[in-house]
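**Q** Sequence:
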Amino acid sequence: MRIWTLRIWSGTSPVRPGFEIDLAKAPHLARVLERIRHAVGHRTSDVKKYWHRTRPFVGTNLPICTSPEGLGLNSSYPSGHTTAGYGMALLLAHLMPEHASAILQRGRVFGESRIVCGAHWKSDVQAGYLNASSLMDVLLAQPELQDDLAAARQYLLAMQGTAPAPEAGTCAVEHDAAIHSLLSEP
Numbered sequence: 004m005r006i007w008t009l010r011i012w013s014g015t016s017p018v019r020p021g022f023e024i025d026l027a028k029a030p031h032l033a034r035v036l037e038r039i040r041h042a043v044g045h046r047t048s049d050v051k052k053y054w055h056r057t058r059p060f061v062g063t064n065l066p067i068c069t070s071p072e073g074l075g076l077n078s079s080y081p082s083g084h085t086t087a088g089y090g091m092a093l094l095l096a097h098l099m100p101e102h103a104s105a106i107l108q109r110g111r112v113f114g115e116s117r118i119v120c121g122a123h124w125k126s127d128v129q130a131g132y133l134n135a136s137s138l139m140d141v142l143l144a145q146p147e148l149q150d151d152l153a154a155a156r157q158y159l160l161a162m163q164g165t166a167p168a169p170e171a172g173t174c175a176v177e178h179d180a181a182i183h184s185l186l187s188e189p
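Taking my numbering, the leading residue of the sequence shown gets 4, the next gets one more, and so forth.
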């Protein structure tokens with residue numbers, strides 16, 4: 004099982020540095036995330052096949068900070084990583100509405116990292132945000148997920164005061180990225 008790190012910020016300083024989410028101890032959250040993973044994969048692959056958009060680094064010398072293997076040279080639109088990452092942020096914001104602004108800001112930064120890394124165009128990432136938003140509206144309303152969502156919220160509430168905090172240096176880097184949005188710059 005993977006361990007996820009949730010960092011919660013308020014304005015320019017951390018409310019709490021965040022905490023690690025151990026999915027082995029959160030089976031309800033793991034089930035919801037697995038459901039989201041399948042839905043995101045299906046939704047983005049169909050749209051990518053339709054648009055068949057070339058990635059920014061293809062045929063250029065533009066740098067890329069991730070391996071191009073497995074990316075699909077002509078599957079840039081919409082960003083699947085953004086759809087998944089922002090979808091997860093929407094899920095966590097739903098489960099912890101008291102921290103929704105900070106969580107959604109982190110989801111935005113995750114999407115923008117796809118532009119910084121040279122894997123996507125701005126419009127790919129913007130489409131990923133929209134894709135995630137519409138997908139999560141449908142998924143979070145499904146009656147069969149409500150018990151898992153309630154149990155996942157209880158786990159997160161219990162863990163936020165006791166789980167290990169992430170490394171402070173990583174939090175500082177992510178905070179710096181959060182205050183500089185690529186999508187608001189010309």
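Each hint should be verified, as a subset may be incorrect.
For each label pair, taking beta carbons as the anchor points, the in silico distance ranges come out as [to be verified]:
(1) Q157 - C120: 32 to 40 Å
(2) R40 - V176: 21 to 29 Å
(3) L185 - G75: 16 to 24 Å
(4) G164 - R38: 33 to 41 Å
(5) T57 - L133: 35 to 43 Å
Rather than coming from a laboratory, the hints here were simulated on the basis of the structure.
Just so you know, even glycine gets a beta-carbon here, dropped at the ideal spot from N, CA and C.
**Q** Flag every earlier hint the structure violates by its number, smallest first.
**A** 4 and 5
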